[in-house]
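Engineer: Residue numbers (the working numbering), protein chains in the order written: chain A, 2 to 102; chain B, 2 to 102; chain C, 38 to 187; chain D, 38 to 187.
Hints may be right or wrong, so weigh each one.
Unchecked claim - In silico DSSO-like links for lysine-lysine, alpha-carbon gap of 30 Å or less:
#1 Lys-7/A with Lys-42/A
#2 Lys-39/D with Lys-175/C
#3 Lys-99/C with Lys-175/D
#4 Lys-121/C with Lys-121/D
#5 Lys-70/A with Lys-42/A
#6 Lys-42/B with Lys-7/B
#7 Lys-175/C with Lys-121/C
#8 Lys-39/C with Lys-39/D
#9 Lys-99/D with Lys-99/C
If you are wondering where the hints come from, they were derived from the structure by calculation, not from laboratory data.
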Amino acid sequence: MLNYEKRDGTVYVRLDGELDHRRAGEIRAELDGLIADPSVKRLVFDLNGLEFMDSSGIGMMIGRYKLMKNRGGSVAVMPGGRRVERIMELSGLYEIIEKMA
Amino acid sequence: MLNYEKRDGTVYVRLDGELDHRRAGEIRAELDGLIADPSVKRLVFDLNGLEFMDSSGIGMMIGRYKLMKNRGGSVAVMPGGRRVERIMELSGLYEIIEKMA
Amino acid sequence: MKTVNEMRLDFRSRPENEALARMVISAFMMPVNPTLEQLGDVKTAVSEAVTNAIVHGYRDRKGLVRMRAWLQEDGELLIEVCDKGCGIENVAQARQPFFTTMEGSERSGMGFTVMESFMDSVDVVSQVDNGTIVRMRKRLTPALCLMRDA
Amino acid sequence: MKTVNEMRLDFRSRPENEALARMVISAFMMPVNPTLEQLGDVKTAVSEAVTNAIVHGYRDRKGLVRMRAWLQEDGELLIEVCDKGCGIENVAQARQPFFTTMEGSERSGMGFTVMESFMDSVDVVSQVDNGTIVRMRKRLTPALCLMRDA
Ligand SMILES: Nc1ncnc2c1ncn2[C@@H]1O[C@H](COP(=O)(O)OP(=O)(O)O)[C@@H](O)[C@H]1O
Ligand SMILES: Nc1ncnc2c1ncn2[C@@H]1O[C@H](COP(=O)(O)OP(=O)(O)O)[C@@H](O)[C@H]1O
Numbered sequence: 002m003l004n005y006e007k008r009d010g011t012v013y014v015r016l017d018g019e020l021d022h023r024r025a026g027e028i029r030a031e032l033d034g035l036i037a038d039p040s041v042k043r044l045v046f047d048l049n050g051l052e053f054m055d056s057s058g059i060g061m062m063i064g065r066y067k068l069m070k071n072r073g074g075s076v077a078v079m080p081g082g083r084r085v086e087r088i089m090e091l092s093g094l095y096e097i098i099e100k101m102a
Numbered sequence: 002m003l004n005y006e007k008r009d010g011t012v013y014v015r016l017d018g019e020l021d022h023r024r025a026g027e028i029r030a031e032l033d034g035l036i037a038d039p040s041v042k043r044l045v046f047d048l049n050g051l052e053f054m055d056s057s058g059i060g061m062m063i064g065r066y067k068l069m070k071n072r073g074g075s076v077a078v079m080p081g082g083r084r085v086e087r088i089m090e091l092s093g094l095y096e097i098i099e100k101m102a
Numbered sequence: 038m039k040t041v042n043e044m045r046l047d048f049r050s051r052p053e054n055e056a057l058a059r060m061v062i063s064a065f066m067m068p069v070n071p072t073l074e075q076l077g078d079v080k081t082a083v084s085e086a087v088t089n090a091i092v093h094g095y096r097d098r099k100g101l102v103r104m105r106a107w108l109q110e111d112g113e114l115l116i117e118v119c120d121k122g123c124g125i126e127n128v129a130q131a132r133q134p135f136f137t138t139m140e141g142s143e144r145s146g147m148g149f150t151v152m153e154s155f156m157d158s159v160d161v162v163s164q165v166d167n168g169t170i171v172r173m174r175k176r177l178t179p180a181l182c183l184m185r186d187a
Numbered sequence: 038m039k040t041v042n043e044m045r046l047d048f049r050s051r052p053e054n055e056a057l058a059r060m061v062i063s064a065f066m067m068p069v070n071p072t073l074e075q076l077g078d079v080k081t082a083v084s085e086a087v088t089n090a091i092v093h094g095y096r097d098r099k100g101l102v103r104m105r106a107w108l109q110e111d112g113e114l115l116i117e118v119c120d121k122g123c124g125i126e127n128v129a130q131a132r133q134p135f136f137t138t139m140e141g142s143e144r145s146g147m148g149f150t151v152m153e154s155f156m157d158s159v160d161v162v163s164q165v166d167n168g169t170i171v172r173m174r175k176r177l178t179p180a181l182c183l184m185r186d187a
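With the rest of the complex left out, here is chain A (with noise of 0.2 Å):
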């Protein structure tokens, strides 16, 4: 069950609840089908619901960039709170993927 949106050739995906490696799992099965779509170009993360985030949300959001690279698309992310964002910054996540005010 992932909380997203598709439009003009953008996948909005709202993360929420605990992103920990059981549930990348499960977001990277779902996303993979929606991102599949050759018309998709652009990916954005919306890390502000998440409650808990640990590195496997990293992993997860570097295998999607990864993948969106490949076909020319791009990867951005809207930052969530305190904790998930010194995880973000430990990773040096956003010197790869754009990060949205």
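Go by the hints and put chains B, C and D with the ligands onto chain A.
Structural biologist: Leaving out everything else, chains B, C and D with the ligands in the frame of chain A:
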């Protein structure tokens, strides 16, 4: 930290959170200080805010009932949620303590 | 019957661990989406058994309480609460409503009765000076098809 | 240093038990009134260590993960996460940021880095084919004078 009100010889106690053996001991200690005052003639427990209660709550209420009865006072209960009331009924407490509407 | 998930929690006989045991059993049940009703019933029964281990088994002395739990494929939850405390001389008597050996401490004698009322079955095995095991079962619906097997 | 409370949780190497371990460590900390900040930090570190035991230690095979925790009188929390899995050949290398042996599974290699960042100290003891122990410490304030000793 007991949520109570003292008015016209009656002490109203609004129980909240989880009433287990640990909490029952705390409530007892605080309450017996309060009702040590001889002008207190009636003790009312409001169970409506309780999220959890086990049989330790029954023991605590029976104990206060005995104290109040010994000095010619009375005890009443304003009922709580479904599971709390099931325990109250199981214990037959309403056969000795007044149940308020 | 196949076990889908299992856990074991050991903790000290301290009053604050009554709440710990309740939270742990809730968290253990969570993946099978129990109803609030079932969660509340099981938490209440666990609270009674753990309190008994602390209050009666160890009589407020230091000791370890063990809670084990199993989720079975058919949707049944099994819980065991064990202590290595003083044990129960007469289990049948102890299980009677209102029977308590701790009048002074304001125990109501309703612990076993509450466990029986909220669970499908309650078994008690006890030996004087050797401790007590309380085994409880409750069928949770819907069945465990929601869980992947690992 | 005197231990005020302690617990041990054994559970199967199943993904849903990552959430179980996080909830249990939160519940264990609760009596000392941790800040939300501390709760979140510790949950994150525990999540990393437990996920590693399941994903790397047991490589999704069946096994038992053990989490132990101690609260010390001076307000320090100790946590140990153990598995009897494959072990780590080179611990120093494994702790490097971005190092992972599971590229295909989308692990980021940031697990140990996150643990180090959120806890005061992280020790890793591991033996190939014998398993791994991760020991973490974090000072919680205010001190434990709030707790009665039992
Ligand atoms: N784990 C235990 N160890 C020793 N005695 C126990 C244990 N559990 C129950 N008992 C005995 O059984 C009696 C009845 O228990 P219970 O129905 O829970 O009522 P209560 O806890 O209010 O006394 C207790 O008073 C005690 O004598
Ligand atoms: N419990 C464990 N058992 C075996 N190997 C482990 C364990 N924990 C970590 N490792 C090894 O250390 C590496 C780095 O771990 P970590 O920093 O958590 O990153 P990640 O989990 O993303 O791979 C892992 O890829 C794995 O090879």
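Engineer: For each hint, tell me whether it holds in the structure or not.
Structural biologist: Outcome of the hint check:
1. Lys-7/A with Lys-42/A: OK: Lys-7/A and Lys-42/A at ~11 Å, within 30 Å.
2. Lys-39/D with Lys-175/C: violated (39 Å)
3. Lys-99/C with Lys-175/D: holds (25 Å)
4. Lys-121/C with Lys-121/D: Between Lys-121/C and Lys-121/D the Cα gap is close to 27 Å, so the pair holds against 30 Å.
5. Lys-70/A with Lys-42/A: Answer holds: Lys-70/A to Lys-42/A is near 9 Å, not above 30 Å.
6. Lys-42/B with Lys-7/B: holds (11 Å)
7. Lys-175/C with Lys-121/C: Since the Cα atoms of Lys-175/C and Lys-121/C sit roughly 25 Å apart, the hinted pair holds (cutoff 30 Å).
8. Lys-39/C with Lys-39/D: violated (42 Å)
9. Lys-99/D with Lys-99/C: violated (34 Å)
Taken one by one, the earlier hints fail for this structure at numbers 2, 8 and 9, listed in ascending order.
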